[in-house]
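Take the given structure of chain A and dock chain B to it, following the hints.
Note that the protein sequences, when read in sequence, are chains A and B.
Taking this note's numbering, the leading residue of the first sequence gets 1, the next gets one more, and so forth.
Taking this note's numbering, the leading residue of the second sequence gets 1, the next gets one more, and so forth.
Okay, derived cross-link-like pairs now, DSBU-like style, lysine-lysine, Cα gap no bigger than 30 Å in a straight line:
1. B/Lys92 / B/Lys29
2. B/Lys93 / B/Lys10
3. B/Lys32 / B/Lys93
4. A/Lys16 / B/Lys17
5. B/Lys93 / B/Lys40
6. A/Lys12 / B/Lys63
7. B/Lys92 / B/Lys122
8. B/Lys32 / A/Lys23
9. B/Lys32 / B/Lys92
10. B/Lys10 / B/Lys40
11. A/Lys12 / A/Lys23
12. B/Lys103 / B/Lys40
13. B/Lys103 / B/Lys17
14. B/Lys93 / B/Lys17
15. B/Lys63 / A/Lys16
16. B/Lys29 / B/Lys10
17. A/Lys23 / B/Lys63
18. B/Lys122 / B/Lys17
19. B/Lys40 / A/Lys12
20. B/Lys32 / B/Lys63
21. B/Lys40 / A/Lys16
Rather than coming from a laboratory, the hints here were simulated on the basis of the structure.
Note that this is a predicted model, so its numbers are computed, not measured.
This is what each chain is made of:
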Amino acid sequence: MHNRELIHNYLKSLGKYLSRLDKADADDVIREIESHIHDALEIQEQQDCTDGVTTILEGFGQPRELAGQYVEHILQGTPPPTGFKAIQSVKKGVTFSLYVSMGLFGFGITAFLVLVGFYKILVPNGVGVWSVTQGNSIIITFSEHTYPNSTELLGLWLIPLAIGFGVAIGRLTWKVLAILKEKR
Amino acid sequence: MKKSDDTNDKWDVQLRKGSLELVILAALKERKLYGLELLKFLHGFETMVITEGTLYPLMDRLKRDNLISASWVQEGEFRPRKYYQLTDNGEKKLSTLTSRWRKSVEDIEFLLNNPGPSLIHKKGS
Chain A
1 MHNRELIHNY LKSLGKYLSR LDKADADDVI REIESHIHDA LEIQEQQDCT DGVTTILEGF
61 GQPRELAGQY VEHILQGTPP PTGFKAIQSV KKGVTFSLYV SMGLFGFGIT AFLVLVGFYK
121 ILVPNGVGVW SVTQGNSIII TFSEHTYPNS TELLGLWLIP LAIGFGVAIG RLTWKVLAIL
181 KEKR
Chain B
1 MKKSDDTNDK WDVQLRKGSL ELVILAALKE RKLYGLELLK FLHGFETMVI TEGTLYPLMD
61 RLKRDNLISA SWVQEGEFRP RKYYQLTDNG EKKLSTLTSR WRKSVEDIEF LLNNPGPSLI
121 HKKGS
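Excised from the complex, chain A in its bound form (with noise of 0.2 Å):
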């Protein structure tokens, strides 16, 4: 009965620090260590051995430094299994295409905003910034003939604003891709 008490505390208490292990992972730790304590006993019965169940309980250690070696690895973090090199090369592509797509649309934005701007310059009424009436949209526009219902924002004032914009733009798409490179 004594030993019976001994042994129950002993797993329960090593349940608790085996916590961290998936159910079916600690139960599998008890079940073996449960049954070995068993296998122990009984071939002390089988010596006359009176060692007892603290004997044997003592060779596990205490129940927190035991759970411990057996949850090291979670907390460590386990190292990549084989065939981990295949989902690194794949993230690899993934940041490559990041990074192409991320430089078209940055510069494609910048190439846009600087060629608005000197187009503005060059044919003041080609282009505006052109508010709808009643709508909430605003609309950039190559056009000769003014948008029906709708007043220019921006004037002569787009040039500097759109070239600002997309140098602007430019600067921070080459800065985010040096940032990229440098992961990769």
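Chain B alone, transformed into the frame defined by chain A:
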């Protein structure tokens, strides 16, 4: 005398720490053993006495590293026991560790057999 015994113990502990993986894999070569059986088997050797608390977590790690596999076996009226055996990976690892171990012993033997004062170089290395 006591001091020298302590030093011997420390040396044993250090040596065992480094060689335990090889010892376990070697013990399981062409054998299928459960924990207690393996422990008692090792206790039969003077330099391989380890505790339950060392053995079981190590078995767990070797299993995670896919060097050994484990399966529960119910034999007749006995309670189920978890048997361990080498995997193909384990066999390979064992042969690698074995050749490193033998090389190491060979080198140490050479040093012991060739005291100074002159420096003698081992052939083939």
